[in-house]
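J.: Residue strings, one per chain:
2 protein chains.
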Amino acid sequence: MRRVSKSVSVVVPFLLSVAGGVTAAPVVGPSFIGFDSDGTSTQRALEQRFDAELKADDLREWMRQLAAEPNQVGSPHDKANAEFVLEKFKEWGWDARIETFSVLYPTLKSHALELVEPTQFSASLTEPPIAGDASSSRADGGLAPYNVFGADGDVTAELVYVNYGMPDDYKELARHGVDVKGKIVITRYGKGWRGLKPKLAYEHGAIGCLIYSDPQDDGYSAGDVYPKGGYRPADGVQRGSVADMTLYPGDPLTPGVGATANAKRLAIADAKTVLKIPVMPISYADATPLLAALGSEVVPRTWRGSLPITYHFGPGPAKVHLRIESEWTRKTIYDVIATMRGAEVPDEWIVRGNHRDGWVFGAWDPLSGHVAMLAEAKAIGALVKQGWKPARTLVYASWDGEEPGLLGSTEWAETHADELKRKAVLYLNSDTNSRGILSAEGSHSLQHLINQVAADVRDPETGVNVRQRLRAKVEVDAQAEGASPEAKRIAKIAESGGDLPIGGLGSGSDYSAFLQHLGIASINIGYQGEDEQAGVYHSNYDTFEHYERFGDPGFVYGVTLSQTAGRIVLRAADAGVLPLRFGDFADTVSEYTDEVHKLAETERAKSETVDRLLDADAFKLAADPTQKSMPPPRDDIVPYIEFAALDNALARLKRSAKAYDDASAGDWKKLSAAQRKDLNALLQGMEQSLLDARGLPNRPWYRHFIYAPGMNTGYGVKTLPGVREAIEERRWDEANRYVVLTARVLDVYSARIDQARQVLSKQ
Amino acid sequence: MRRVSKSVSVVVPFLLSVAGGVTAAPVVGPSFIGFDSDGTSTQRALEQRFDAELKADDLREWMRQLAAEPNQVGSPHDKANAEFVLEKFKEWGWDARIETFSVLYPTLKSHALELVEPTQFSASLTEPPIAGDASSSRADGGLAPYNVFGADGDVTAELVYVNYGMPDDYKELARHGVDVKGKIVITRYGKGWRGLKPKLAYEHGAIGCLIYSDPQDDGYSAGDVYPKGGYRPADGVQRGSVADMTLYPGDPLTPGVGATANAKRLAIADAKTVLKIPVMPISYADATPLLAALGSEVVPRTWRGSLPITYHFGPGPAKVHLRIESEWTRKTIYDVIATMRGAEVPDEWIVRGNHRDGWVFGAWDPLSGHVAMLAEAKAIGALVKQGWKPARTLVYASWDGEEPGLLGSTEWAETHADELKRKAVLYLNSDTNSRGILSAEGSHSLQHLINQVAADVRDPETGVNVRQRLRAKVEVDAQAEGASPEAKRIAKIAESGGDLPIGGLGSGSDYSAFLQHLGIASINIGYQGEDEQAGVYHSNYDTFEHYERFGDPGFVYGVTLSQTAGRIVLRAADAGVLPLRFGDFADTVSEYTDEVHKLAETERAKSETVDRLLDADAFKLAADPTQKSMPPPRDDIVPYIEFAALDNALARLKRSAKAYDDASAGDWKKLSAAQRKDLNALLQGMEQSLLDARGLPNRPWYRHFIYAPGMNTGYGVKTLPGVREAIEERRWDEANRYVVLTARVLDVYSARIDQARQVLSKQ
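Protein chains in written order, with the numbering used here: chain Z, 1 to 763; chain U, 1 to 763.
A portion of the hints provided could be inaccurate.
Unchecked claim - Label pairs and their computed distance ranges (CB to CB):
hint	chain 1	residue 1	chain 2	residue 2	range
1	Z	Ser-122	U	Asp-179	22 to 28 Å
2	U	Asp-168	Z	Glu-642	44 to 50 Å
3	Z	Lys-385	U	Glu-297	44 to 50 Å
4	Z	Ala-673	U	Asp-635	56 to 62 Å
Worth flagging that the hints you see were computed from the coordinates, not collected in a lab.
As the structure is a prediction and not an experimental result, all values here were calculated from the model.
Just so you know, even glycine gets a beta-carbon here, dropped at the ideal spot from N, CA and C.
Produce the complete structure using the sequences and hints provided.
T.: Written out as structure tokens, the structure reads:
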């Protein structure tokens, strides 16, 4: 479900350590993290055998099969695919089963959208077939465009254009004296998570919300449209969930517990993640007459899209009628869970997942990643048949119901929470995958593992290893006009030859419950950046035909993803000591701490400036009096935040991390079996010490105090979220409180690192 | 002719000194620069009588009259307007005459533009009447859209889209393997001066050039189009000169000398400022089918406009046929020169000008400024009739032929060069004027004069003085998201209460010959920023009707311009000591010197990075191999520039300036008449010491070593141009040479300041 935007040229910060290594799989080199040199040689040989089992043709055929029919939740093909995948796992020697959950999933019954004033227009709300794409012409079993978990409703009101519908956009509307109360808003996709747009509209008093794809972000302005190119055609619509996942993901009726048959459920009216107003996604063909009919002031420059019209705020004279009626029943979702039992430490689990459900055909999202995962499972099955066994247990998961709100992974993780907390070592996720550059985000204790793996995987387009290619990309992008300071910082690290930092995880795919609710160290990886997915994301055109032309012709990057994820799985499974390093985490928290310090200073300076300008009447004097224009509201004075506890905790973390990393560089083979068991037990649950059971402000489901999706940005990660969001939202007492709470989890983490270091020192 | 772009939110740096002054015309306050306290009181009373003579209705009626018919060079109404203005000056008591020059001015005979492959389309090349705008429907005497001083030609070739057609755009084309050799390019207006676009296209081998107005910059994306709003309608075309004014402005056949009847003239073929390829301006209605027919790769994000198409580079499959035929004859231009002889020092001249010729009707450009100038002349005439006389001589000039290339002002300045160098104290220019905020640029020795004047002029919309309004604007803009470091620097100065810096002068209106060729201290002022001129700039729709709706309803900002320019003229005319201050100039040169130091450092760092990435093959590795993409060329090593001479000259300038400013703050009334005469004589020619007779590299006409229009940017000013452009263009020997030459003119300037200070010290 995660949408990789091509609008903004951001390379997910990542990777690259050893300089100059050009060969894809060097035969000599440093030991793998968690392995001694003998173990490294053995592992390297195993990985080469693993690679030999990966076949691009398998991926192609599996995608063709899985994407043959619409496969969203509730569709016959969704269930059929679960059974197909189950059979495959079994065929490959895995212990596999289907686990079902019963989740709220409203299904659209009927809907309509009309412009009723000043002229008449009925929106088509359909995605016609595309020449040359047989899938797109299937009439039966398809899925009308809609936003799942918006409310039903029948409303008629004046229309207001609210740009991306994010918090700053409402500030801008206020500056122009535009109020959305009692209106229907039209917002464009982009900049923040889809579900925030109707939520913020509702909070500002709107009674309905339309979301359209502007061709500037996603359409002819981005590139040639389908079928000439891969970009979104005029009638393409982006479906998607608008459940309020910033509160909690998963079934809206069972927060925190698995949606099993007998689970205690909320009434729908009490489910806080179900929105309160009707929401409808529309194409730019349907949006154009509505936007063109808006009057009043012209919007600011940054609000203008690429439609051939002048964009106005409204409200009116455009008035629209919006009607949505859904069937609010529960549906069954089908997770396929496959296990390969560990020969030595069966109670340490390496969990690997990718979702299987799409919007309509879902070739890109999620099947491109899913078929890579299947290829790993098949290869592992082959290795086992050849006599190898993983030391730890492998758990492979084909998730259902990710699109409506991470349903399959969340309900499974909630159901098995206790066991996962005791056993899971890491969770490795992927989703959409295509031609391009490695992207990796996750827990920073795993940063070195990822860097090492990336050095051993060959990029199919250039022949160098994928971390070398990423290094090149990071450095080239950072020297381009307008590169961000952060991009330049990462490029400096790339230049110095160190491991490149990975990004933190926000939300948008199935790692959320594992990382942010249970505290299991997680990674999300994929290849991206040379594709044209934007054009068919969550539309009727996300087909096998489109993917094979524009996503990954030859399915070579599917194989590359298998090689990358497979290495992470195999190394985590067989490492003598779990492959964690803490200096990387300490360095990252140090960056985050600097950022929140600076944020407080910047907010203070900004408020002081605004207040001074208000005192001087400057906003009024600077404004064009013929335009409606209000000065910004007066800010309260930004106090100095009591950061000392956090700064002290960081200092301790740095010392503890360094001490462990130094000690673990020694030869841990001298450890007794019991000591090694103690050490791994400490490492297995390490990330859980970054949780606080009270959770984050107003969203107790989110318990990780280092990484969370933003309350007001959605998918994007907020790091040190308790502190950062309190400052951003100007809740000063909360900021001071969360400094202390965040410092406390870091201290617990440091103490556990110290314990692990003591075990190492005893050898 | 100067186009004020609304695309970019730049406030021309400027103004504001005394904090908190709210009254528009304070009765008490510091003495005016150049006056003692008694003189200040007298002058203030004079200015109030001057204001009383200004009538908005006069401005409206003069504009209605002057804009009644097309009035470009060669039109009957151009001559009639000269005679009308002459009569007015005479009626008001001025000694007025018409001075004529005979200039090359090609007139369009016929032209055509067609798409010939892959489909057929004939461009309309016409601007149809607009409902409600009677002027726009005049069929006789109009002017077809064309670019004057492009070549004649009849060419057919594949089309290539080159974005804004600036140097960086050609670098980007090279990175994508696109060559314009033998092609016709299509470029959009904006970012750099119009005339550079075909010149650079020619230098890269193109055989023809189309320039269109993209609606993103200038059309429906900017605002509602005419007649609903004021912005450019689909058929509107921007005419304009493409003479290569970066070499020299004025008549292409008489560089450096007046185009009098018997002047020695170049053959047309030898005139370097006449372009070598045909150029045609077109509307976005005509451009759309051409751009839509282009193929090959999609252009980068920043190259995409707001047309509802996918923008491609080409070349082809679009092929166009372009034909232009002109009558290459000389035409007469009519400058009206009016003199009011000074009673005390008739040989010190205050020169004030605004052009009178437009493209078609020219209501905004230039008549809005021209009628304000006429109002000043009428008011001054009335003061003289009441018995007042200026101490110095006033010279008011209504320039012809500015649009084709500053013809009227340049030929006049060249003709009277010797006398002007001996007598002219300053040149004050204006051009288009409308509702909004004061914009002022010029010689920095006049910065304090402008600041003082702006504190005494009331803004009609807010009631505060215009410098207070500008201060508010500067500060408000600087706190907005994305404000430039320069905008923030200026805002800091505004906040501190100091005079706000004015910008330097590049080119684009009639000050060029005075400042950059003769070294006469110059100012350009106007009000702007709340208008919608962009929409009709240089088109058939720049009419009285449009101006009265969107430019300055009530003509109140016309009166405000008269008050501002009038005060500058009257104070310069009557000041006991010429109103120059040198600390402001020294501070400004100090900023410029910092900038060229930093430029060299930045260029060095950039080259080192590019070369390092080339060594690592990073550009190839980072690129998508399915797209054409070349690495950038390898840069030579940037040497350290020998800046010491400039740094030393700056240090001396600061000392000399401070000593003069301190001394002039004393009571110079003790000076004898002879001393005062000596002092003013030194001050009168002061700016000329910033010239070097050898001129700038490859363009000897430009002799000012502090300010010049950019060779590769056009209108925009390049400060310390000899040094700065040499570094930008990577001509290292030249950079070192021009450091020394620039230091030398600064030393001469400092020495002359020292002489002036010595006169003051003798009192």
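J.: CB of Lys-385/Z to CB of Glu-297/U, is that within 44 to 50 Å?
T.: At roughly 48 Å between Cβ atoms, Glu-297/U and Lys-385/Z fall inside 44 to 50 Å, so the hint holds.
J.: Go ahead and decide if the range 56 to 62 Å is satisfied by the Cβ distance of Ala-673/Z to Asp-635/U.
T.: holds, 60 Å
J.: Indicate whether the distance between the beta carbons of Ser-122/Z and Asp-179/U respects the range 22 to 28 Å.
T.: Since Ser-122/Z and Asp-179/U have Cβ atoms about 49 Å apart, the given range 22 to 28 Å is violated.
J.: May I ask you to test the hint 44 to 50 Å on the CB atoms belonging to Asp-168/U and Glu-642/Z?
T.: holds, 48 Å
Violation of the numbered hints given earlier is confined to hint 1; every other hint is satisfied by the structure.
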